[in-house]
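Q: Quick mapping for you: the protein sequence lines, in order, are chains L and E.
So the first sequence is numbered by our numbering: it starts at 17 and just counts up by one.
So the second sequence is numbered by our numbering: it starts at 17 and just counts up by one.
A portion of the hints provided could be inaccurate.
[Claimed, not checked] Pairs of lysine-lysine, DSS-like flavour, derived with a Cα cap of 27 Å:
{"hint": "1", "chain 1": "L", "residue 1": "129", "chain 2": "L", "residue 2": "43"}
{"hint": "2", "chain 1": "L", "residue 1": "260", "chain 2": "E", "residue 2": "281"}
{"hint": "3", "chain 1": "E", "residue 1": "302", "chain 2": "E", "residue 2": "260"}
{"hint": "4", "chain 1": "L", "residue 1": "281", "chain 2": "L", "residue 2": "43"}
{"hint": "5", "chain 1": "E", "residue 1": "127", "chain 2": "L", "residue 2": "157"}
{"hint": "6", "chain 1": "E", "residue 1": "43", "chain 2": "E", "residue 2": "129"}
{"hint": "7", "chain 1": "L", "residue 1": "127", "chain 2": "E", "residue 2": "260"}
{"hint": "8", "chain 1": "L", "residue 1": "127", "chain 2": "E", "residue 2": "129"}
{"hint": "9", "chain 1": "E", "residue 1": "43", "chain 2": "E", "residue 2": "222"}
{"hint": "10", "chain 1": "L", "residue 1": "201", "chain 2": "L", "residue 2": "175"}
{"hint": "11", "chain 1": "L", "residue 1": "281", "chain 2": "L", "residue 2": "157"}
{"hint": "12", "chain 1": "L", "residue 1": "175", "chain 2": "L", "residue 2": "219"}
I should point out that these hints are in silico values taken from the structure, not numbers from a laboratory.
Protein chains: 2
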Amino acid sequence: MSFELTILGNSSSTPTSRRHPSAQVLKINNDFILIDCGEGTQNQMLRYKVSHNKIRYIFISHMHGDHFLGLPGLLCTMSVQGRIDDLDIYCPEELEFLINLQFSLSDVQLKFKVVYHKLQFDAPKEILATRDYTVTSLPLKHRINCAGFLFSERVYGRKINKQEADPLNLNQAEYENLRNGGDYKGKDGKTIPNAKLTFDPRKSFKYAYITDTLYDEELLPHIERFDLLYHEATFAHDMVDRAKTTFHCTALQAGKIASRAKVGKLIIGHFSARYQNLEELLEEAKDVFPRSDIAEEGKTFKMR
Amino acid sequence: MSFELTILGNSSSTPTSRRHPSAQVLKINNDFILIDCGEGTQNQMLRYKVSHNKIRYIFISHMHGDHFLGLPGLLCTMSVQGRIDDLDIYCPEELEFLINLQFSLSDVQLKFKVVYHKLQFDAPKEILATRDYTVTSLPLKHRINCAGFLFSERVYGRKINKQEADPLNLNQAEYENLRNGGDYKGKDGKTIPNAKLTFDPRKSFKYAYITDTLYDEELLPHIERFDLLYHEATFAHDMVDRAKTTFHCTALQAGKIASRAKVGKLIIGHFSARYQNLEELLEEAKDVFPRSDIAEEGKTFKMR
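Working from the sequences, and respecting the hints, build out all of it.
A: Written as structure tokens, this is what we have:
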């Protein structure tokens, strides 16, 4: 299964001349998933050659403008470009209301159906399950309701050791039993333990998108040993007080979360416009968690 | 008086990788006026070094997203950047409702006051008068209510011919009478005609912003002999039928309006994303009206 994450925007509420508000595209096999959609996302998609109409799912973390203001324009463009496929949007329910109102005031009729799925913010919740992966929303601690999103590859049972298993001439039910971890019971009454006939399944690939949150150790059990963590790092640590009052994090705190959750790799983003040079923030994160990287706009992280 | 027009966006509803939806900044003396505010306008302002907080007035022509979707983000950025001055926005009343609703859902409190002025679409109407200029809204023929905007320099009366008038030792009232075109009546009963003591006033500079409209000759008397006309030219003329059904114009039609209104200069904009090369549209307009130009993003037209 392939996992690619392309960063479209890495700025917090105020953009700079070179940086754009939050948006990224996660490609899992052939599914293109847009996560947050700040103002200008449709232009960033054009710039980095992400086709608007390939997007299958959209996830919007919360109702701050830098995370959703690009959505109405993107939907109109999809329609103008001839989209007819349904589009599933997972977002706060207020966003559905706002977009429908705006389209009604602008006399816009989309040529495709948008299916809105209302996020809940009281507890983690699996909100999407496909053949290849699941998505879970995770409440974050921000000024308003905000959700992180956890993407987990589905792994189907143990892998059959063909060399050992095939000579037994198993039927489908017996193969299924092996994949589920059961031992083989032959017609002669002999049992062959599962471990002899199967291999461990491939580890499920896991990606966590955590934006707009206070430093919050309660996240740790939910993202433990994830392969990839995107975590907001709005400020450098000398502004930790400002981070706290605005319900944001510092780069050092992002590194700390990554380190304590023992993730494979950390990408920091959602940078305040005051930072011209992002190296300062990266160095801070790396001090605590060396496998850190910057959410550089246009960059694609190929994870598998 | 100085007039400068800077183009920030020239695309119609669908942007391209290099073009952005409608927005332009008109600078009259020290007043910065934003006309329309498509998605990404705040980024375009950063790119072309137009300070967000210098904007004194905003005019929004209509409720199609490519003309206003950049406004909520821009207002938030102005607030974050410390604006405290009132901001006057002239727009359809639905936009005030929509923005207030969004800010309430996003828990945004601006640190400055926005004064909304509701546009009317039944007849031309003077909507702003400053010491230096007036602004008139002009109903256009589009799918939904849409207004053009006419900017007219105010010229204060006739110019005094100092060489002739000063030796007469006039008082303030007598000078004012001359400026208003009256003759001079001396204490000796003699009359000196106004023409001997004054010069003609400077011609008022006039700019018309006409976007999103059918080809409409009813506009002509309202923009006659204007110095500068921005007119939409969404399509080339081989698509005149499509222009008609979508309530837009072709470049040739824009040239025709400019020619018949005998304006000084035409700038065409609001181009469909299908045109990679805008020269085709410019040539078409120039065939009918040679003093035509392209609304190139980042270009400043210094008119006086």
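Q: Does each hint hold? Answer for all of them.
A: Hints and how they fare:
1. For the hint linking residue 129(L) to residue 43(L), the alpha-carbon distance of about 22 Å falls within 27 Å, and the restraint holds.
2. Straight-line distance between C-alpha atoms of residue 260(L) and residue 281(E) comes to about 55 Å, which puts the hinted pair past the 27 Å bound.
3. A hinted pair counts as satisfied when its Cα atoms are at most 27 Å apart, and residue 302(E) with residue 260(E) qualifies at roughly 21 Å.
4. About 17 Å separates the Cα atoms of residue 281(L) and residue 43(L), which keeps this hinted pair within 27 Å; it holds.
5. A distance of roughly 24 Å separates the Cα atoms of residue 127(E) and residue 157(L); the hinted pair therefore holds under the 27 Å criterion.
6. Taken as a hint, the residue 43(E) and residue 129(E) pair is honoured in the structure, with Cα atoms around 22 Å apart against an allowance of 27 Å.
7. Distance hint between residue 127(L) and residue 260(E) is fulfilled; the C-alpha atoms sit about 21 Å from each other, no more than 27 Å.
8. For the proposed pair residue 127(L) and residue 129(E), the alpha carbon gap of about 38 Å is over 27 Å, so the pair is violated.
9. The hinted pair formed by residue 43(E) and residue 222(E) meets the criterion: a straight-line CA distance of about 13 Å does not exceed 27 Å.
10. At most 27 Å may separate the alpha-carbon atoms for a hinted pair to count; residue 201(L) and residue 175(L) meet this at roughly 18 Å.
11. Between residue 281(L) and residue 157(L) the CA atoms are separated by roughly 23 Å; this keeps the pair inside 27 Å, and the hint holds.
12. A distance of roughly 11 Å separates the Cα atoms of residue 175(L) and residue 219(L); the hinted pair therefore holds under the 27 Å criterion.
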